[in-house]
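**Q** So the sequences go chain by chain: E and V. If you read the first sequence in numbering that gives the first Met the number 0, its first letter stands for residue 0, the second for the next number, and so on. If you read the second sequence in numbering that gives the first Met the number 0, its first letter stands for residue 0, the second for the next number, and so on.
Take these hints with a grain of salt, some might be off.
All copies of an identical chain are treated as equivalent in the list; a pair is satisfied when it fits inside any one copy or across any two copies.
[As the list claims (entries may be wrong)] In silico DSS-like pairs for lysine-lysine, Cα to Cα no more than 25 Å straight-line:
#, residue 1, residue 2
1, K200, K82
2, K98, K54
3, K150, K31
4, K14, K200
5, K109, K66
6, K109, K173
7, K91, K166
8, K20, K109
9, K150, K14
10, K20, K54
11, K91, K150
FYI, nobody ran anything at the bench for these hints, they're computed from the structure.
There are 2 protein chains.
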Amino acid sequence: MSTILADLSWRYATKNFDSHKSLSDTQLSLLKESFNLTASSYGLQPVTLLVIGDKLLKEELVSQSMKQQQVADASHLLVFCIKKDFDTTYVKKYFELVKEIRQTPDEVLKPFEEYLMEQFQNKEASEIELWATKQAYLAMGNLLTVCAVEKIDACPMEGFIPEGYDKVLGLQEKGLQAVLVMPVGYRAEDDPFAAFKKVRKPLEQAIIEF
Amino acid sequence: MSTILADLSWRYATKNFDSHKSLSDTQLSLLKESFNLTASSYGLQPVTLLVIGDKLLKEELVSQSMKQQQVADASHLLVFCIKKDFDTTYVKKYFELVKEIRQTPDEVLKPFEEYLMEQFQNKEASEIELWATKQAYLAMGNLLTVCAVEKIDACPMEGFIPEGYDKVLGLQEKGLQAVLVMPVGYRAEDDPFAAFKKVRKPLEQAIIEF
Numbered sequence: 000m001s002t003i004l005a006d007l008s009w010r011y012a013t014k015n016f017d018s019h020k021s022l023s024d025t026q027l028s029l030l031k032e033s034f035n036l037t038a039s040s041y042g043l044q045p046v047t048l049l050v051i052g053d054k055l056l057k058e059e060l061v062s063q064s065m066k067q068q069q070v071a072d073a074s075h076l077l078v079f080c081i082k083k084d085f086d087t088t089y090v091k092k093y094f095e096l097v098k099e100i101r102q103t104p105d106e107v108l109k110p111f112e113e114y115l116m117e118q119f120q121n122k123e124a125s126e127i128e129l130w131a132t133k134q135a136y137l138a139m140g141n142l143l144t145v146c147a148v149e150k151i152d153a154c155p156m157e158g159f160i161p162e163g164y165d166k167v168l169g170l171q172e173k174g175l176q177a178v179l180v181m182p183v184g185y186r187a188e189d190d191p192f193a194a195f196k197k198v199r200k201p202l203e204q205a206i207i208e209f
Numbered sequence: 000m001s002t003i004l005a006d007l008s009w010r011y012a013t014k015n016f017d018s019h020k021s022l023s024d025t026q027l028s029l030l031k032e033s034f035n036l037t038a039s040s041y042g043l044q045p046v047t048l049l050v051i052g053d054k055l056l057k058e059e060l061v062s063q064s065m066k067q068q069q070v071a072d073a074s075h076l077l078v079f080c081i082k083k084d085f086d087t088t089y090v091k092k093y094f095e096l097v098k099e100i101r102q103t104p105d106e107v108l109k110p111f112e113e114y115l116m117e118q119f120q121n122k123e124a125s126e127i128e129l130w131a132t133k134q135a136y137l138a139m140g141n142l143l144t145v146c147a148v149e150k151i152d153a154c155p156m157e158g159f160i161p162e163g164y165d166k167v168l169g170l171q172e173k174g175l176q177a178v179l180v181m182p183v184g185y186r187a188e189d190d191p192f193a194a195f196k197k198v199r200k201p202l203e204q205a206i207i208e209f
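Sequences are here, hints too, so could you generate the full structure?
**A** Here it is as structure tokens:
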């Protein structure tokens, strides 16, 4: 089996984390850099990642996460947030960043910038929210695989109360809303889920070739 | 730099593919298996992957993809589709698969099965569609990273006409709807985009630590 397939087979939605094991600074920095390298729609990066190592905060968030204990036991809790206030200001900032990093002349960027400004001027807030939420899933898809490659255990989670996370972490003042959660760290040696066979459809039911 | 960070930095949204280079059967099989290993909400796998190698079909799809030539030039075109008819029948099928693969006793699975059946009975079709679409983004996030690790070039795309894809590929009869597209193959040697510096926010703007 190829290495990447072995890595993807090794990973599973870890339910029991070893609360005594912590990720190293090198591992955490790798996760942060990998998150920041995720592709995003138009390159606009509408997703912010929270990296929570604080024990008390993690414990407080368990009750906002359908009592799932892995939120507290994992070394760190990653929270994928969308920017609630994403608008043309962010589009402008992006193009400033492009000019700064690539030194692209204004006349080259202008048509694309005008197109995007118009797009975002005419979008409803709910539409932008949905667009950003999809990018959060893309980012989690990337990080889940990065974790697998780096043998970091992870549990992708949709089941939590965004308003509860908001209250505990003060997200509203930051213009953020939590859309996905992912505890990361090390599986507990006695997690029975680790030994379960992966349940997947046969390939011929999951894929159609043309 | 770690290998995975080097891989993620190597990847970029490839605009010009080398139309003379094809992915090998081993590479294609690795992409298919990796797709099937993607995590999904409740493990339900509501996403089907189309793998299109047929030259004429790829060419026909360019006009349905904002004339983006990479759809035809890439070795293969991956199309992430959601199941339009996803309902409790699929939930039942999933639990049959769990029993088959893990030999889990009925009494262990029952509470979770009943919970999910109820969930999906009470969901609007539009809600299920959105839920499935998010899983397609998760799958693309995984495959983009797998491609980076395997040095396969890729271009994640949201800009295409789902109805056009439906017509060309007969998706409606299959109960499918295209939500994301990703040409894969090899970058052309003269793709100017390959040399562009990556534009990313500074880490301190993308991440908040607690």
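**Q** Taking the hints in turn, state whether each one holds.
**A** Hints and how they fare:
1. Proximity of K200 to K82 under the C-alpha cut-off of 25 Å is restricted to the inter-copy arrangement: shortest distance 14 Å between copies versus 36 Å within a copy.
2. In this homomeric assembly, K98 and K54 never come within 25 Å of each other (Cα to Cα): the closest approach is 41 Å inside a single copy and 38 Å across copies.
3. In this homomeric assembly, K150 and K31 come within 25 Å of each other (Cα to Cα) both inside a single copy, at 16 Å, and across copies, at 22 Å.
4. Proximity of K14 to K200 under the C-alpha cut-off of 25 Å is restricted to the intra-copy arrangement: shortest distance 22 Å within a copy versus 33 Å between copies.
5. Taking CA atoms no more than 25 Å apart as the test, K109 paired with K66 passes between copies only; the shortest distance there is 21 Å, against 50 Å inside one copy.
6. Proximity of K109 and K173 under a CA criterion of 25 Å is satisfied in neither setting, with 30 Å inside one chain copy and 42 Å between copies.
7. Proximity of K91 and K166 under a CA criterion of 25 Å is satisfied in neither setting, with 30 Å inside one chain copy and 37 Å between copies.
8. Taking identical chains as interchangeable, the C-alpha atoms of K20 and K109 are never at most 25 Å apart, the minima being 50 Å within one chain and 34 Å between chains.
9. For the homomeric pair K150 and K14, the shortest alpha-carbon distance inside one copy (16 Å) is at most 25 Å, but the shortest distance between copies (32 Å) is not.
10. Within a single copy, K20 and K54 get their C-alpha atoms as close as 13 Å, which meets the 25 Å cut-off; across copies the closest is 51 Å, which misses it.
11. With identical chains, the CA atoms of K91 and K150 are never at most 25 Å apart, being 38 Å at best within one copy and 33 Å at best between copies.
When each numbered hint is compared with the structure, violations occur for hints 2, 6, 7, 8 and 11.
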